[in-house]
Structure formats: C-alpha cells, structure tokens
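Chemist: If you want the building blocks of each chain, they are given just below.
Protein chains: 2
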Amino acid sequence: MSNLAPSDKAYVPFVSVDNMMKLVHHIGIEPMLAGLADYIEEDFKRWELFDKTPRVASHSEEGVIELMPTSDGEVYGFKYVNGHPKNTREGLQTVTAFGLLANVGNGYPVLLSEMTILTALRTAATSALVAKYLAPKGADTMAMIGNGAQSEFQSLAMKAIAGIKTVRLFDIDKGATRKAAKNLAGLGLNVVECDSAEAAMEGAQIITTCTADKQYATILTDNMVGAGVHINAIGGDCPGKTELAPAILERSDIFVEFPPQTRIEGEIQQMAPDHPVTELWQVMTGAARGRTSDAQITLFDSVGFATEDFSALRYVRAQIEGTDYFQDLDMLADPDDPRDLFGMVRRAAPK
Amino acid sequence: MSNLAPSDKAYVPFVSVDNMMKLVHHIGIEPMLAGLADYIEEDFKRWELFDKTPRVASHSEEGVIELMPTSDGEVYGFKYVNGHPKNTREGLQTVTAFGLLANVGNGYPVLLSEMTILTALRTAATSALVAKYLAPKGADTMAMIGNGAQSEFQSLAMKAIAGIKTVRLFDIDKGATRKAAKNLAGLGLNVVECDSAEAAMEGAQIITTCTADKQYATILTDNMVGAGVHINAIGGDCPGKTELAPAILERSDIFVEFPPQTRIEGEIQQMAPDHPVTELWQVMTGAARGRTSDAQITLFDSVGFATEDFSALRYVRAQIEGTDYFQDLDMLADPDDPRDLFGMVRRAAPK
Numbered sequence: 001m002s003n004l005a006p007s008d009k010a011y012v013p014f015v016s017v018d019n020m021m022k023l024v025h026h027i028g029i030e031p032m033l034a035g036l037a038d039y040i041e042e043d044f045k046r047w048e049l050f051d052k053t054p055r056v057a058s059h060s061e062e063g064v065i066e067l068m069p070t071s072d073g074e075v076y077g078f079k080y081v082n083g084h085p086k087n088t089r090e091g092l093q094t095v096t097a098f099g100l101l102a103n104v105g106n107g108y109p110v111l112l113s114e115m116t117i118l119t120a121l122r123t124a125a126t127s128a129l130v131a132k133y134l135a136p137k138g139a140d141t142m143a144m145i146g147n148g149a150q151s152e153f154q155s156l157a158m159k160a161i162a163g164i165k166t167v168r169l170f171d172i173d174k175g176a177t178r179k180a181a182k183n184l185a186g187l188g189l190n191v192v193e194c195d196s197a198e199a200a201m202e203g204a205q206i207i208t209t210c211t212a213d214k215q216y217a218t219i220l221t222d223n224m225v226g227a228g229v230h231i232n233a234i235g236g237d238c239p240g241k242t243e244l245a246p247a248i249l250e251r252s253d254i255f256v257e258f259p260p261q262t263r264i265e266g267e268i269q270q271m272a273p274d275h276p277v278t279e280l281w282q283v284m285t286g287a288a289r290g291r292t293s294d295a296q297i298t299l300f301d302s303v304g305f306a307t308e309d310f311s312a313l314r315y316v317r318a319q320i321e322g323t324d325y326f327q328d329l330d331m332l333a334d335p336d337d338p339r340d341l342f343g344m345v346r347r348a349a350p351k
Numbered sequence: 001m002s003n004l005a006p007s008d009k010a011y012v013p014f015v016s017v018d019n020m021m022k023l024v025h026h027i028g029i030e031p032m033l034a035g036l037a038d039y040i041e042e043d044f045k046r047w048e049l050f051d052k053t054p055r056v057a058s059h060s061e062e063g064v065i066e067l068m069p070t071s072d073g074e075v076y077g078f079k080y081v082n083g084h085p086k087n088t089r090e091g092l093q094t095v096t097a098f099g100l101l102a103n104v105g106n107g108y109p110v111l112l113s114e115m116t117i118l119t120a121l122r123t124a125a126t127s128a129l130v131a132k133y134l135a136p137k138g139a140d141t142m143a144m145i146g147n148g149a150q151s152e153f154q155s156l157a158m159k160a161i162a163g164i165k166t167v168r169l170f171d172i173d174k175g176a177t178r179k180a181a182k183n184l185a186g187l188g189l190n191v192v193e194c195d196s197a198e199a200a201m202e203g204a205q206i207i208t209t210c211t212a213d214k215q216y217a218t219i220l221t222d223n224m225v226g227a228g229v230h231i232n233a234i235g236g237d238c239p240g241k242t243e244l245a246p247a248i249l250e251r252s253d254i255f256v257e258f259p260p261q262t263r264i265e266g267e268i269q270q271m272a273p274d275h276p277v278t279e280l281w282q283v284m285t286g287a288a289r290g291r292t293s294d295a296q297i298t299l300f301d302s303v304g305f306a307t308e309d310f311s312a313l314r315y316v317r318a319q320i321e322g323t324d325y326f327q328d329l330d331m332l333a334d335p336d337d338p339r340d341l342f343g344m345v346r347r348a349a350p351k
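Line by line, the protein sequences are chains E and A. When we follow full-length UniProt numbering, the leftmost residue of the first sequence carries the number 1, and every step to the right adds one. When we follow full-length UniProt numbering, the leftmost residue of the second sequence carries the number 1, and every step to the right adds one.
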C-alpha cells in the first residue's frame, strides 16, 4: 500500500441509478420485488431488535426533507428522502432518495445506493407483502387509483407476491392512466383502463390508493367501499395529506408499520390518537391476527418505515456481490496511520 | 435528451477524498482554513436563521454513528459521522464522515462530499476563529496537547487565523508528537516537542486539548492552568468523554456553540445543567462580550455543531465551481416524465 493510493477501506460500494436499473433487469423486476418482500418480512419478524428512531424531518413551504435512520445492532442504515409535490410541474421527481448502510462496529459505510427506484420497489413490495397477509383469499383483482410513478410497481408487486391477475386503473389525469397501461403491457397482467374510481373498483378485492397532492383529499368516500375488501392506502403519508374519508377508517381494521409515525403521517391522523390499530410485525410473527372474516375491511395505512429501507439496502448489498453493478467510491479518508490524516493530505501535494 | 441518458438533474457533484486533497492543495491549506473560518463566521452571525435540530445519534458499545442535519431555509445540509475510539487499533480512523447539501425548494441534493478531511479542517478553522475572538491580545504560542489526527490542522489554523507562531506539542505517545512535528516541519511554525503537558504549556497563551479516549479523563488539572489563557478544549465531545478538571471550568468563562448539545457532550457535562455559558454566535454578532480582562481564563468547550459542517460544505460547493475537483454522480433517478419512473426502468432493459 502506497502512501497515496487509498486502501480498500477507503472505498464505499455505490449503486448508481444506472446500475440499479441494470441490477433490476439482471434479477428481473418480479423476482426482485419478491426478494425485497422476503427481506422486508424477515426484518418485520425481528422488529423488536431494531432501533426505531422517528424520522428526522426538515419541513419547508415547498416540501420536506427527511432522514430515516435505523439499526439492527450490527448494521446501521439511513435513507435521505425528499417529498416535494410541486416538483413534477418543473419536470422533477416528487420523491428522490438515496441510502446508506454502515458497520455498527466501526462506523464505516459499506453501501451507498440510489433509492428513488429502490424506494418505489420496496414500497410496492411492502404493499404486496401486507396484502398477502390481509387480502381476502383468492383475491385476483386490484383497483389502482392514482396512476403516477408508484402505480406500475404496485401492480407488478401485487402480481408477483399477492396473486393479482387484473389491475383496474384510474386517475383523474387520463394521460397518467394511459402511461401506466402502456408500461404494464406485455408483463402478464390483465390491465383495464377505467373512467372513474367507482368503475376501477368493480370486482376488485384489493383497492390501492396512491395519489400525490399534499392536502386532505377524499379519494375514496364511504359509499364506494364494500365489505370484504383490502385497502392499500399509500398516498396518505405526511401531515395534512390523506386520501380516505374518516367513515371508511371507522369501518376498517387498520394495520400500520410503526404507530407513533403513522398517527402523525398516515390516514389515521384523522382519527383519535388512541384509535385502535394493529402492528404489522405482530401479524407477521403471529402475535396478532390479520383478517378474521370475509366481510371485514382491512386497511394498510402505509407511510413507509425505516426498516423497509434497511431491508431493501440489505437486499441490494447481497445482490451486488460478485456483480459489476456498483462502483467503488473514494469516500473515506484512510491514511496508513489513522492518526496521520494531515500527513496523508500533505503527501498528496502536487510535486 | 434521450430516454436513457440521465439529464443534468440526475447528477450530484461528488468530492472524493482524492479530489478534496487536490482542492486543498489547489487553494492552499492555510487559505482554505481561513476561507472556511470566514464561512463559519458568516453562518454564526446569522445563527437565528438556522434550523437547529439536535444531532441524531445511534450509540453502540463500540461507538456512535450520528446524523447532523441543519438548514438555513434555502439550503439543507447534513453530515454523517461516526466516532469509534477503538478503530485506530485496527488501522481505521476514529472518525470518518461525509456530508450533503440539498436545495430546500425541491429537495434535490446539490453536493455530496467526503468530510473526514473537511471535518478536520472545519474543526480547526472553528477553533482558530474562536481563538481570534477570545485569546489574549498578542497570543503567539499554543500548547497542543494530544498530537493525533486533528493536531496539525489545529496548529496550522491557529497560525493562519489567530496569529500563532509557536506550537508546543505534547502527547503521552511520543510517536504521535514525532509525527505531528514532522508533518508541521517547513510550514512556517516554530514547533517544539515537549515531554510533559506542563512543559508544553510554558509560555503558551492558548492551550488546545485534543485527546481521543472515550472516558472521563483529566488532561488538564487545576494547578496546571494559569490566569489569562484561552483554553481550546476539543476532545471532550461526547457523553462520558471529558478532558478538563471541573475546577478549571469553575475558574473559566465558558463559550459554547449550541448549549443544549454542549451540556450533553462537552466539558460542561461535568457541571450543573444551568452552569453559565456564553453562546459564540452572540460574541460574533456583538450581542455578548468575549474576553473582558487579561486575567480571565476563556474556555471554548468545542463539540462541533451542524452549522459548521454546513458552512464547510457551502465553502466547498463554491470552491469547486469551474474546477475539475469533483465528479458527477448518477444518484438521482430523473425520468423525462417524472411520473414515468417505471417506464424509465423498463426502457433500460437490455435488448
């Protein structure tokens, strides 16, 4: 090892957007969604192990920037994620994200990854994993209300993990529906474009809502929702942003990731602070019951939790091993003698 | 713009360790320390503007991993930093760090940078900036107690910013002193290697303590500290880690960055929770007095605050403009149509 060339310790594997897309196609979208769901389920099942810091949010008029850290005691992870609903007007993503894993024992990062695509994948994988537990038996049709960036991922994850065969699309913007239908063509799903939310929900056992406006909206009203369905509510995910009429929440059994966070960010921000909810990890470990009757409405009040990102990063870290789908980033100063940082800098002076 | 090539928006300028060292030599170490001090001072002077979230720490037996976010309302920044005192035994850095700036308006990152070197520089620049305000007039000699990775940066910053001409080095490990003396040779400082802390302090108007053990240590005892000096206490920077005898704190006027953080992490964790302190930003704006007499002992109880990292990243962002000292990182997914993330992924499939 020379005094100038960084050692292996100085490098952090980085998965760029380009490499993430290559990894997705190397693995296949559906197998990747299923693989992510396995990791997410595994981590939900060891829920009590995790350091569950609430996310650290920096709010502004335009949106929010958040850091979502967690740790299982051996590996530490965090995600940087923004949410700026008006971004699309300027041709920007509403949500962009990247994430990091580090070794708890020495604090050295071990993975840096884009997470815009990965978050879309893990959100969909989580939804489908939860639907596998909560949707009525034999569910094969999903209403997909809101056909933005997340909709195709949701549809395909529900196919890969929860047995959905038909997706019924609706968006107030017909162009979004057209785009989603085009993107889903030829992927083995029966895709139906619908003219109204009501039409999309015909015959659907799973109803997914995923709209983006930062406001209290009512995408679903009470009379639209029949008995026995599973509602997968994705879009109500920050303070002041909900999609469901409170009356639907009253009729539903509500399942959440991490109650302290969901009560602030989820649909249940509309309810009393002690409104009963069931924690997903308890359903997965068998400590709590999921669906108990055919007539029951189950509701996954999804807001996204740090452990899901952690699981997704763990999955990516395992998958890139032995591949070329990452680059080594010279991100950590690593002098030969750790006390000799200055010497390293000084020796790097041009001759 | 093709459907596959990322647009400009997808790229985040990244300053690697190698490029940071190149930037340091391009600017010059002393001008860079002075430039950093200017940015740090500027941000201290607009202190009330900043979103001062406490740092988010994940503690383990071996050390700590922290996220330090802040924002001035237009730019958001955070630093990832670990502290693992036992790392040096395995040839690793005690502290490694990287940081990020993002646009508050749309949440898009605008800079990712190594911060192991940058933190060393900003810590030293902050110390020297504070000494400029608090050290006795005409101070020209500094005792540097603890000759680890930070010591040369401290010495050079005190030269560049606070007018120090002589540095008197001491470390319980003579090898560390040797290393620091060698690194500082030929840089315009009079460097004296000393056999004891007492010897190092002879004739010194500024006393810098910077030792790394994670424990309550007493690097300075009460009888070692004479009247009129300025103490720059760097190493007491996390719960359970201090360097000064409480009696010294009793005799000193204590200046701190952000009281709620310093009371937990700094030397004053040894004192009552209401022990009087002065906030540095108030000294810099003129709202509070700094040194008021020749006999007074001033003490900077330094723990490092998020705004200093923010200032340092701002400085780097300004300095790399028009240079080659960064690379563009493909970190943000940026589809032509922001709602078409899935389409972007699908179109990236190999033919």
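The set of hints was computed from the structure by calculation and includes no laboratory data. Any given hint might turn out to be false.
[Unchecked claim] Pairs of lysine-lysine residues, derived as DSS-like cross-links and limited to a Cα-Cα distance of at most 30 Å, are as follows:
| # | chain 1 | residue 1 | chain 2 | residue 2 |
| --- | --- | --- | --- | --- |
| 1 | E | 165 | A | 351 |
| 2 | A | 22 | E | 351 |
| 3 | E | 132 | E | 45 |
| 4 | E | 9 | A | 45 |
[To be verified] Per label pair, the in silico range of CB-to-CB distance:
| # | chain 1 | residue 1 | chain 2 | residue 2 | range |
| --- | --- | --- | --- | --- | --- |
| 5 | A | 276 | E | 51 | 31 to 41 Å |
| 6 | A | 48 | E | 90 | 25 to 35 Å |
| 7 | A | 42 | E | 90 | 42 to 52 Å |
| 8 | A | 240 | E | 318 | 45 to 55 Å |
[To be verified] Facing chain A, according to a computed beta carbon distance under 8 Å, are these residues of chain E, among others:
| # | residue |
| --- | --- |
| 9 | 110 |
| 10 | 181 |
| 11 | 292 |
| 12 | 296 |
All C-beta atoms, glycine included, are put in the ideal place defined by N, C-alpha and C.
Chemist: For each hint, tell me whether it holds in the structure or not.
Modeler: Against the structure, the hints come out as follows:
1. Simply put, residue 165 of chain E and residue 351 of chain A have alpha-carbon atoms about 26 Å apart, close enough for the 30 Å limit, and the pair holds.
2. About 12 Å separates the Cα atoms of residue 22 of chain A and residue 351 of chain E, which keeps this hinted pair within 30 Å; it holds.
3. With a C-alpha separation of about 15 Å, the suggested pair residue 132 of chain E and residue 45 of chain E falls inside the 30 Å cut-off, and the hint holds.
4. Note on residue 9 of chain E and residue 45 of chain A: the hinted pairing is violated, with a Cα-Cα distance of about 38 Å set against a maximum of 30 Å.
5. For the pair residue 276 of chain A and residue 51 of chain E, the supplied restraint of 31 to 41 Å holds, since their beta-carbon distance comes to about 35 Å.
6. At about 30 Å, the beta-carbon gap between residue 48 of chain A and residue 90 of chain E stays in the expected band of 25 to 35 Å.
7. Roughly 30 Å separates the CB atoms of residue 42 of chain A and residue 90 of chain E, a value that falls outside the hinted 42 to 52 Å.
8. A hinted range of 45 to 55 Å is violated for the C-beta pair residue 240 of chain A and residue 318 of chain E, which are about 36 Å apart.
9. Taking 8 Å as the C-beta contact cut-off toward chain A, the hint placing residue 110 of chain E at the interface is violated, the least distance being around 12 Å.
10. Taken as an interface hint, residue 181 of chain E does not check out: its beta carbon lies about 11 Å from the nearest beta carbon of chain A, beyond 8 Å.
11. With its C-beta approaching chain A no nearer than about 35 Å, residue 292 of chain E sits outside the 8 Å limit, and its interface hint is violated.
12. With its C-beta approaching chain A no nearer than about 32 Å, residue 296 of chain E sits outside the 8 Å limit, and its interface hint is violated.
Of the hints listed earlier, those the structure fails to meet are numbers 4, 7, 8, 9, 10, 11, 12, in rising order.
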